[in-house]
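Heads up, the numbering used here is the position in the sequence shown plus 3, with the first residue counted as 1.
The hints are simulated quantities; they were obtained by calculation from the structure and are not laboratory data. Even for Gly, the Cβ is constructed at its ideal location relative to N, Cα and C. There's no promise every hint is true.
[Unchecked claim] With a cut-off of at most 20 Å between alpha-carbon atoms, the simulated DMTMM-like pairs for lysine to aspartate or glutamate come out as follows:
1. K170 <-> E256
2. K230 <-> E256
3. K134 <-> E150
4. K154 <-> D200
5. K173 <-> D183
6. K170 <-> E186
7. K58 <-> D40
8. K58 <-> D304
9. K91 <-> E271
10. K259 <-> E271
11. K170 <-> E118
12. K232 <-> E150
13. K91 <-> D145
14. K5 <-> D18
15. K178 <-> D145
16. K311 <-> E52
17. K154 <-> E118
18. K259 <-> D315
19. K311 <-> E118
20. K259 <-> E189
21. K259 <-> E201
22. K178 <-> E189
23. K232 <-> D207
24. K259 <-> D233
25. K58 <-> E41
26. K58 <-> E256
27. K91 <-> E106
28. K283 <-> D315
29. K91 <-> D67
30. K311 <-> D42
31. K283 <-> D233
32. K5 <-> E43
33. K283 <-> D145
34. K230 <-> D207
35. K173 <-> E221
36. K154 <-> E221
37. K178 <-> E221
[As the list claims (entries may be wrong)] Pair by pair, the computed Cβ-Cβ distance ranges are:
38. Y196 <-> D50: 49 to 57 Å
39. P147 <-> K311: 24 to 32 Å
40. G204 <-> A152: 18 to 26 Å
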Amino acid sequence: MKIVVLDGYAENPGDLSWAQVEAFGETTVYDRTPFGDEDEIISRVGDAEVVLTNKTPVSARVMDSCPNMKFIGVLATGYNVIDCAHAKERGVIVANVPTYGTEAVGQFAIALLLEICSRVGHHDASVHAGKWQSCADWCYWDYPLIELAGKTIGIIGFGRIGRQTGKIAKAIGMKVLAFDRFENDEGRAIADYVQLDELLGASDVVALHCPLTPETSEIINRENIAKMKDGVIIINNSRGQLVNERDLADALESGKVRAAGLDVVSSEPIRADNPLLTAKNCIITPHISWAAKESRQRIMDCTALNIKAFLDGDPVNVVNG
4 MKIVVLDGYA
14 ENPGDLSWAQ
24 VEAFGETTVY
34 DRTPFGDEDE
44 IISRVGDAEV
54 VLTNKTPVSA
64 RVMDSCPNMK
74 FIGVLATGYN
84 VIDCAHAKER
94 GVIVANVPTY
104 GTEAVGQFAI
114 ALLLEICSRV
124 GHHDASVHAG
134 KWQSCADWCY
144 WDYPLIELAG
154 KTIGIIGFGR
164 IGRQTGKIAK
174 AIGMKVLAFD
184 RFENDEGRAI
194 ADYVQLDELL
204 GASDVVALHC
214 PLTPETSEII
224 NRENIAKMKD
234 GVIIINNSRG
244 QLVNERDLAD
254 ALESGKVRAA
264 GLDVVSSEPI
274 RADNPLLTAK
284 NCIITPHISW
294 AAKESRQRIM
304 DCTALNIKAF
314 LDGDPVNVVN
324 G
């Protein structure tokens, strides 16, 4: 059996092993494949039965041009890069990795918040640049430093990752509010479920952990920002399209939003004309919440299990069934 990995570098830049996948057959790993070059994607897939991809699209044309394809393994939870409906028509199974980064992504959301509130990175850089040596006082701080204990965090989307973020926030001493269509006892042990408008009005910090749907697209917009407290902090390491970036940039400039911590933007890699690049008090990281080695190893482990289940005739984690 032939296996092709279209964009393996992000998953495994060299610190993991593809041995679990290679055990199933002849495996070719490409570090990167141009997303917009369907001809190159078709050429690389060739006559492979199994295709693994993270962000490289597998379109209807790619499937039609590669009739040996039987299984597509997505090295992630999101699978919008696959034409799942066409895959189903062709009898191609598409499986994802439903959970792998709960701990890492929740941790990263709080890391963004802590960086905004404590500015560790900025002050470390300024000390190394010599500012403390020439300081007239025994200490200095360039930004207001914020204590989180006693503050309220409102989490939009209270699934596994939202709850993990809530657990850490609660351990810090924050009050946790949650908005989610599906309430459960595990969530109630961490947070008070409230309606969206109440969450927006009561929260010192608003964190996004919801999926991207027509209802949540640009949920952070001028209208909803107006419902928030003055000086609110916004955290997003879910999906960039949850935020109207022009509206957020304007709110940062006006001070309505004190600061934002973002690990995702609407178009990735980020475009030079993204208004958030020049907005005040906006920390942006390059979509790395998921990338802890432990998380990536779980992706590798689950992908191997997905392939084995497919070969055994009892596929799991199927998203186009």
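* Asked: Is K58 within 20 Å of D304, Cα to Cα?
  -> holds (19 Å)
* Decide if the proposed pair is consistent with the structure: K259 and E271, CA atoms, cutoff 20 Å inclusive. => Given pair K259, E271 is violated - Cα atoms ~26 Å apart, limit 20 Å.
* Are the Cα positions of K230 and D207 separated by 20 Å at most? -> Answer holds: K230 to D207 is near 12 Å, not above 20 Å.
* Is the hinted pair K58 and E41 satisfied, with a Cα-Cα distance of at most 20 Å? -> holds (13 Å)
* Restraint check for K5 with D18, where alpha carbons must lie at most 20 Å apart -> Violated - the C-alpha atoms of D18 and K5 are around 24 Å apart, more than 20 Å.
* K154 paired with E221 [C-alpha distance capped at 20 Å] -> violated (25 Å)
* Keeping to a limit of 20 Å between CA atoms, is the pair of K259 and E189 held or broken? -> violated (33 Å)
* Between G204 and A152, does the C-beta distance stay in 18 to 26 Å? -> Between G204 and A152, where Cβ atoms are some 21 Å apart, the hint holds.
* 20 Å Cα cutoff - pair K173, E221 -> Judged against 20 Å, a Cα distance of about 27 Å means the pair is violated.
* Given the hinted pair K134 and E150, is their alpha-carbon gap at most 20 Å? -> violated (24 Å)
* **Proposed proximity, D183 with K173 (alpha carbon, max 20 Å)** => holds (18 Å)
* Asked: Can the restraint linking K178 and D145 be considered satisfied, given a maximum Cα separation of 20 Å?
  -> Judged against 20 Å, a Cα distance of about 27 Å means the pair is violated.
Checked against the numbered hints above, the structure breaks hints 1, 3, 9, 10, 13, 14, 15, 18, 19, 20, 26, 27, 28, 30, 35, 36, 37 and 39 and satisfies the rest.
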